[in-house]
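2 protein chains.
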Amino acid sequence: MTPTLADCRAWDAEDSLAFTRARFRLPEGMIYLDGNSLGALPMATAGRLADLVEREWGQGLIGSWNDAAWMAMPARVGARIAGLIGAEADEVIAADSTSVNLYKLAAAALSLRPERRVVVSEPGNFPTDLYVLQGLCAALGLELCVKAPEALENALTDEVALLVLTHVHYKSGRVHDMAGLTATAQASGALALWDLSHSAGALPVDLNGCNADFAVGCGYKYLNGGPGAPGYMMAARRHHAAMRQPLTGWIGHAAPFAFGDDYAPADGVTRLLTGTPAVIGLAALEEGLKSFEGVSMAAVREKSIRLGELFIALAREAMGEAFDLACPADAQARGSQVSLRHPHGYALVQALIEAGVVGDFRAPDIARFGFTPLYLSFADVFEAGRRLKAVMDEERWTAPRFSERRAVT
Amino acid sequence: MTPTLADCRAWDAEDSLAFTRARFRLPEGMIYLDGNSLGALPMATAGRLADLVEREWGQGLIGSWNDAAWMAMPARVGARIAGLIGAEADEVIAADSTSVNLYKLAAAALSLRPERRVVVSEPGNFPTDLYVLQGLCAALGLELCVKAPEALENALTDEVALLVLTHVHYKSGRVHDMAGLTATAQASGALALWDLSHSAGALPVDLNGCNADFAVGCGYKYLNGGPGAPGYMMAARRHHAAMRQPLTGWIGHAAPFAFGDDYAPADGVTRLLTGTPAVIGLAALEEGLKSFEGVSMAAVREKSIRLGELFIALAREAMGEAFDLACPADAQARGSQVSLRHPHGYALVQALIEAGVVGDFRAPDIARFGFTPLYLSFADVFEAGRRLKAVMDEERWTAPRFSERRAVT
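So the sequence lines, in the order shown, correspond to chains A and B. Everything in the first sequence is counted per the working numbering, starting at 3 for the first residue and increasing by one. Everything in the second sequence is counted per the working numbering, starting at 3 for the first residue and increasing by one.
Read the hints as simulated data drawn from the structure, not as lab findings. Nothing here was measured: the structure is a model prediction, and the numbers come from that model. Incorrect hints may have been included.
A pair counts as met if it fits within one copy or between any two copies, since identical chains are not told apart.
Unchecked claim - Derived lysine to any residue pairs resembling SDA-like cross-links, with alpha carbons at most 25 Å apart:
no., residue 1, residue 2
1, Lys149, Met45
2, Lys292, Arg398
3, Lys149, Glu319
4, Lys391, Pro5
5, Lys292, Arg50
6, Lys149, Ala260
7, Lys292, Glu16
8, Lys173, Asn68
9, Lys292, Glu56
10, Lys149, Ser18
11, Lys292, Asp53
12, Lys391, Ala74
13, Lys292, Gly49
14, Lys173, Pro330
15, Lys173, Thr400
16, Lys292, Arg57
17, Lys173, Phe261
18, Lys173, Asp69
19, Lys292, Thr400
20, Lys292, Ala52
For reference, chain A alone in the conformation it holds in the complex (with noise of 0.2 Å):
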């Protein structure tokens, strides 16, 4: 039986996560199913900008650097996020893009391996990993291994230096097993990587637990940081004193104002960093971070798991001979989103918008919804499938409208 407005309005009425709905700021009668791609606003954000720019800018100036602790803003948001990704407050850094950072990871990692020739990752994986992967494997003039999941375990060869996954897949929200992969990595003499862009604050992740090497990830996506925010980077601490990146710095310099000329690494995840701290950047990725202040990630995970199914059971309904799920039936397996393939899936996915339900568009043929369990309840997934359904009911997807396409991200 396909839940009804009664259901979803009890579950609400129980759940033990409906008190963060009131940390963010949502625009009336949208239902937002997009927060993997740019998370919602939290309330407290305009205002710690506000007082950012007037206070600690316009009146304290330089002075806010040390006055207002502008400098240890990478090392504390780096704190907050470990907290969510099962690391140590001094093994997680927040700097630069998810892209950079990428880069300057795989090469601290490729630094602890220097004798071995190969990075593997796998095909389909978020395509800026493979980019950056590629460019540096062309810079270092090491071989970029792609293969698919299946068949990763033989290609962990004694070359193998380094293995980089996407732990949710952007597209089909598939998880991958990060303690059986690390070791089979680790097993063959290489290092694991993880990029948690799809999963950190949306699930637990258990970096220790699962003995990871680094792991990057993305500020704007599930942490709430806003349009483009700074991205971090963990080193399991047993690697620190070994790791070199090639960025140098001088925020990651062992004393970046003795204005020397020789560059020393400073100790531990700071020597990951390089340029000037984007403190703006920072700041809104802080308040982001504070949403999770009191949140248990197995309770997000288990609500992300009951809207997740809400919303496959009425997309089945609502969509009929037309549904056709392109992301794991086993709940256990799949992120924080559901996938639906349609062939007309950009111009369905227009449709939803206009109806306000917004989920995103991910070529060639893929409709993505995302379930943020801090702002969304059951009767909001409630209301999308209902929405789906007229959608679907009224072929909305064929307006002349929504034939063309536009960049999203």
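Dock chain B against the given chain A, drawing on the hints supplied.
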């Protein structure tokens, strides 16, 4: 004769740039002589960020990548910078930190001279420039050759791929001969890359007039973009088709939203991009750049020189025998800053800050004062001289609270 307050007021009354002071918010009573380290807050920035956060992000959410033209920001902000540095709009793009940008752009330059193995710079260059070049040369197996300015010409052999210099020296304020050094480098077959962090927005820069190949620069000094603002990269159009850089992220891809597995570089300077644009930081930088609307850089330079000369005259009188100029005495050879050497430089700067005159200290003994014509008056500089005299007369730097060093950027 040292100028009087009446002289200064008369000059202010005739100052063609006096109108731009109203574009900035400065603390009451503070004479801010550190805009060369962190530019002051433009009046419009807080409002712009509030609108960006509350309306574009909070209401527009993911749709704002298109609807609010977030994707276009790196190019749009770059085009605005181009007008200040003698480049074409399509030759400049804003992104990342200055340090990350230098890595990418130096690598792009080196991709054009694959048969040459040496990079040349000068000792005492802004440290991050040397650190980044050290990291890049180590990664690529190249040699970094650091030569004093008078030995640069001899160092430019036919093995040199790239000359990297900072246009205005961060500590001494010395201005390099961009046209002459670029021509010398190019005569040997090398390329020239200029760091404009301490010149753009402070004096006229004419990259194309000097036939420069590449340039990077900082967004948070004279460009008033806020703490940790994105930097920028300039590549002369003649290099666009052939240049390659290794941080090949999705935003530098020819078709980022096709989500293909293989990297293909975008046209023009867009291929210098890597990760998702830092939208909030770029918006603040854009507001900073608007401070230059209707402003002639020739007028900025003329006023900057007059402010600097005035300060030197006042400091000479205030300091007597302790006066020790650590920057070129010839105003034409000096950027928009005045550096004074003092055995108790750190404590002197602290005592001045306490007196409401904010300069900064650069190891080991330099007190550095920046002059930003958009928001400083002649009367401000007169008042700074008066307070400097009081600090000197009373030897306030001997106070115990100034004996301990803290980090100052």
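Tell me, which hint numbers fail for this structure?
Result: hints 1, 2, 3, 10, 12 and 19 break, sorted rising.
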